[in-house]
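Full structure from sequences and hints, please.
Line by line, the protein sequences are chains A, B and C.
Just so it is clear: in the first sequence, position 87 is 87 by the working numbering, and no numbers are missing.
Just so it is clear: in the second sequence, position 164 is 164 by the working numbering, and no numbers are missing.
Just so it is clear: in the third sequence, position 290 is 290 by the working numbering, and no numbers are missing.
Since the hints were derived computationally from the structure, they do not count as laboratory data.
The model shown is predicted, which means the values in this text are computed figures rather than measured ones.
The beta-carbon is built from N, C-alpha and C at its ideal position, and this holds for glycine as well.
Heads up, a few of these hints could be off.
Claimed, not checked - Examples of chain B residues toward chain C, derived with CB under 8 Å:
#1 C587
#2 T627
#3 N641
What the hints assert, rightly or not - Stretches of chain B that chain A covers, calculated by requiring three or more beta carbons in the stretch to come under 8 Å of a beta carbon on chain A:
#4 109 to 116
#5 388 to 397
#6 461 to 471
#7 507 to 515
The lines below spell out each chain.
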Amino acid sequence: MPAQDVRELRIVGFLCNWCSYGGADTAGVGRFSQPTDLRIIRVPCSGRIDPLFIVRALLNGADGVLVSGCHPRDCHYAEGNFYARRRLELLKRFLPVTGFDARRFEYTWVSASEGQRWQHVVTEFTRRIHELGPAPNFNPASEMDWNALALHAAQGQTCPCHG
Amino acid sequence: MRIGVFICHCGSNIAGTVDCPSVAATALTYPDVVFSTDTMYACSEPGQDAIIQAVKEKNLDGVVVASCTPRMHEQTFRRAVERAGLNRYMFEMANIREHVSWIGKTKDLNTNKAAELVRMAVEKLRRNRPLFAKRFETVKRVLVIGGGVAGIQAALDCADGGQEVVLVEREQSIGGKMAKLDKTFPTVDCSSCVLGPKMVDIAQHPNITLYTCSEVESVGGYVGNFQVTIRKKATYVDWSKCTGCGLCVEKCPSRKHPDTFNEGLCTAPSINIPFPQAIPKKAAINAASCIMLTKGKCGVCAKVCPVKCIDFEQKDELVTVDVGAVVVATGYDLFDWHKYPQYGEGRYKDVITSMQYERLLSASGPTGGHIKRPSDGKEPKNVVFIQCVGSRDRSVNRPYCSGFCCMYTAKQAILTKDHVPDSQSFVFYMDIRSPGKMYDEFTRRAMEEYGAQYVRGRVSMIYPQDDKLIVRGADTLAGTQVEVPADLVVLAVGAESARGAVQLGEKLRVAPDQYGFFVESHPKLKPVETNTAGVFLAGACQGPKDIPASVGQGSAAASKVLGLLSKKELESDPAVSRVNPGRCVGCGKCVQTCPFGAIKMIEDRFGNPKAEVIDTVCQGCGICTVTCPQGAIQLEHFTDNQILAEVNALCPPKMFANFE
Amino acid sequence: MSQLDTLKSAIKDRLGELECVIGWEQGYDPLHATPLFIRTEADLDRLIIGPLAVHNLATYLTAYKGKKIGVVVKGCDSRSVIELLNENLISRDDLVIFGLCCDGVVSQRKIRAALPADPGFVEAVDISANGLKITVAGQTAMLNMTDILADKCRTCQHPNALISDVLIGENRQSASSTSLACQEEFEAKSDAEKFAFWQETMSRCIRCYACRNACPMCVCRDYCIATSRDPLWVSQDNSPAENFMFQMIHVSHLAGRCTECGECERACPVDIPLMLLRRFMNKQVQDVFEHQAGTDLEQTPPLLTFKVEEERINERGW
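Dropping the structure here:
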């Protein structure tokens with residue numbers, strides 16, 4: 001892979017095909033310039049987005065994850081975004097206990113005609129991620145770190161009252 | 001696997017800000033990529049031929065094209081790889097135009113991003129498998145929703161094309177807004193003379209079933225096989241017997257409720273036939289004002305009816321029909337001008353809407369075609385028309401141009417002179433928008449031949465003086481303020497989305513735009529299609545339109561329907577959910593969440609419950625795939641492994657020992 | 001008649017029509033109980049109840065699908081039964097539920113911590129309302145129930161079985177407190193601290209799947225996506241991230257379904273406090289959907305349904 005610009009962070013987007021992917025296209029057609037960090041994964045519907053995809057991305061070291069679907073009531077499949085809203089909201093609220101900064105994950109609604117709104121969402125979210133900086137690695141980055149962690153774990157540290 | 005990668009320059013659209021040869025070179029380092037090149041226009045004929053040639057020469061079994069959005073050309077390239085002998089699903093697209101070259105400014109970053117998107121596509125493609133479409137038969141019947149001129153045209157064209165048509169109209173008669181008009185621009189021919197015969201054709205066409213006083217209750221199914229439930233509202237008249245003689249209308253003692261067909265200019269009897277040319281010409285009772293239905297006594301109509309067709313016990317009835325396609329032609333409604341304080345908010349009786357004015361002009365209207373102003377019935381001499389009432393105005397959230405008001409105002413100014421030769425018309429306008437055949441000439445005639453005085457400017461207030469209304473406004477060309485004493489003020493109210501359009505859109509899964517007009521599939525290339533296969537748009541429900549455009553779109557929608565239903569069988573999209581019965585524990589959660597009822601429970605040969613997808617019903621949303629904890633039901637082409645491969649391509653996991 | 005005798009006679013009455021009745025018996029020593037599968041009246045003699053009967057026996061129910069069985073449940077266990085019924089994973093007709101009114105169970109982990117040394121084989125345990133008298137190698141230690149009560153019992157809101165064919169014992173009061181100090185303490189930590197905590201605990205995880213196997217709501221069993229290749233969510237790499245991914249799958253699949261029985265944490269051989277995740281998730285489910293799993297036979301798991309207008313989800317302004 002070519003040398004990566006140091007300023008760029010890794011932001012993964014999950015977009016539904018019918019609204020938000022179209023909205024991102026509309027933004028492109030309108031030449032609404034955006035930061036380049038975001039990489040978009042196209043799925044048919046926000047209802048296809050398993051919150052575990054987002055967890056997987058974060059555990060793999062993504063600095064931010066952005067999900068976007070059709071506005072409520074406008075889902076191409078009628079109900080997909082209603083299910084998505086519940087799943088994603090729960091993930092968003094759950095993240096703090098894991099120690100992942102919940103601000104690294106966001107979900108929103110952008111329609112196919114809202115190119116400008118998409119530009120706004122991408123720009124704002126990218127800015128937020130840059131303010132947060134690179135995400136910490138869940139897995140140790142080097143063998144040395146790995147060994148240190150193993151040593152630490154062997155000594156045992158648990159919740160004092162648990163059981 | 002042997003994958004070929006094609007990086008499109010799209011002229012300078014992509015190559016301008018992406019180093020395409022470098023992306024192609026990088027792609028060669030990706031797993032399974034055996035061939036990679038850049039190409040000027042991948043979608044052009046030589047571009048597609050080059051792909052086909054490469055597939056054959058390099059013995060490829062998968063293709064990645066990095067170019068524009070898949071929403072644009074995915075089908076094009078799928079067909080190309082199919083021509084090359086591959087399954088069409090052994091193809092992936094990386095969007096490096098809309099999502100890269102057109103939005104990013106820095107070439108290095110763009111090039112890197114493009115390469116990563118290609119990597120993502122390659123990783124996904126490595127997990128693709130050939131998919132094969134299933135064929136299914138279509139119901140040879142079409143539902144047209146809305147009996148205005150667009151719906152009438154669509155229904156007639158479909159019926160003439162040999163398809164059965166079910167036409168559903170909310171009001172008592174078909175005809176829509178056009179039936180209320182007196183004359184039409186730019187020919188000034190009689191509206192009902194043009195529309196009337198078409199309405200009669202609807203009633204008489206052997207292929208058309210008409211439901212008026214009816215609304216669509218629910219829509220299920222999918223292209224080729226929709227199940228529609230229609231609510232026939234109670235009319236309290238047995239239409240199988242009613243002859244439309246009108247005796248009941250004449251004798252009805254309750255005549256106080258506003259006549260909606262005449263835009264509230266007069267009152268109507270509780271049992272009524274809205275206008276002489278109504279189709280069907282049947283009487284219906286207004287339950288809210290009928291004395292019998294509200295107070296329990298009267299029944300005059302039942303007594304006078306010669307065929308005894310009055311039935312006060314009638315209830316709403318639900319009818320279910322299967323159709324293969326749906327045309328939505330629900331039209332528009334008029335802007336509620338009372339939101340504007342400057343026009344008196346309804347305090348002055350002689351400030352009326354253009355549609356009310358149409359009824360005053362019409363020979364079948366409340367005044368028999370004589371222009372009489374509502375306050376005192378006097379014939380007006382000075383008539384002021386105000387344009388753009390609820391059009392091109394951000395302050396009332398109507399920034400769009402309604403398109404036809406300039407023209408009908410010119411028409412009404414001409415007709416005013418015809419009706420009252422010594423009258424003078426004044427038109428306050430913002431711009432005159434009259435593109436169209438004979439349109440600009442027409443507005444000129446209004447000014448030059450009929451002496452309508454056009455004042456470029458907005459009206460700031462209307463106030464009463466003696467028996468006149470003083471219209472104060474700006475004349476921006478003269479740079480002065482003007483005051484015109486008016487006997488009658490006509491507001492050229494703009495169009496807005498029809499009442500209930502958004503709710504209907506939800507049933508049909510057709511999204512409305514921010515103003516409630518339905519969104520077409522593509523603003524230029526698919527103007528009558530929607531994103532829901534088998535549902536088409538006609539007329540002003542898609543955006544304000546005049547009669548010729550509505551008729552044209554009605555015919556266009558009909559031709560799309562005929563094209564669709566002329567196929568003996570349709571192919572279903574094979575990118576649907578599939579159950580791995582080995583993994584399925586038969587909990588039925590997928591059945592519970594599927595919005596389409598596309599999953600059913602079956603028993604395997606050991607009697608264990610298992611889920612099974614009905615291929616033709618599944619729309620491929622993937623809600624079930626996320627619902628299933630075992631990952632037993634996977635949406636083809638968007639499986640967990642395919643999406644995870646994309647995630648892992650973008651964020652490679654950091655592993656201590658990589659056993660993969 | 002003691003509660004145990006009442007239970008025995010109730011089981012005896014129904015045993016004839018049942019494949020088996022699941023209860024508890026003494027395990028390898030008097031301190032440890034183990035599940036008992038009662039098939040004959042003779043088996044009944046070994047049945048025990050009380051603070052040592054910790055296992056949530058609802059875990060076994062799906063394995064008996066299609067056969068008529070009986071099960072003895074505490075209040076918390078009964079929630080799992082309700083949730084399984086709600087999700088159509090077991091059939092009410094195939095189940096006879098012997099419900100208990102529970103005074104709470106012990107935490108073996110806390111007992112271990114309270115004793116001066118690892119007890120090894122325990123010779124005798126004397127159970128009273130105040131606590132346990134444990135005899136190890138001739139030495140006797142008295143442990144107060146308040147010190148060794150399991151965490152879930154400290155905040156228990158449903159001590160009496162919520163669903164049963166036979167309910168044994170007198171109604172017990174639910175716990176006055178609904179929050180645990182250690183939970184609150186943990187939640188109050190900074191993201192960085194929590195992140196480091198999970199990194200460390202997850203590096204201990206040996207992915208034995210005991211937490212999953214003990215969970216009454218983990219019905220996928222052989223088809224768990226954490227141990228499959230298609231779909232391949234978790235790689236074999238035994239790294240903290242992969243281990244945490246497995247735990248996230250477990251949390252995610254329990255969202256709105258977890259009855260907080262604590263079996264996952266109890267089963268963990270390396271002492272990972274998994275309930276920190278569960279309790280927090282359940283609190284969110286309660287906040288957003290006003291839903292507590294397994295408390296009502298009519299409820300639908302919140303992720304299997306939706307409202308067009310969600311009163312408690314604020315669309316964030318963008």
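Which numbered hints turn out to be false for this structure? Violated hints: 5 and 6; rest satisfied.
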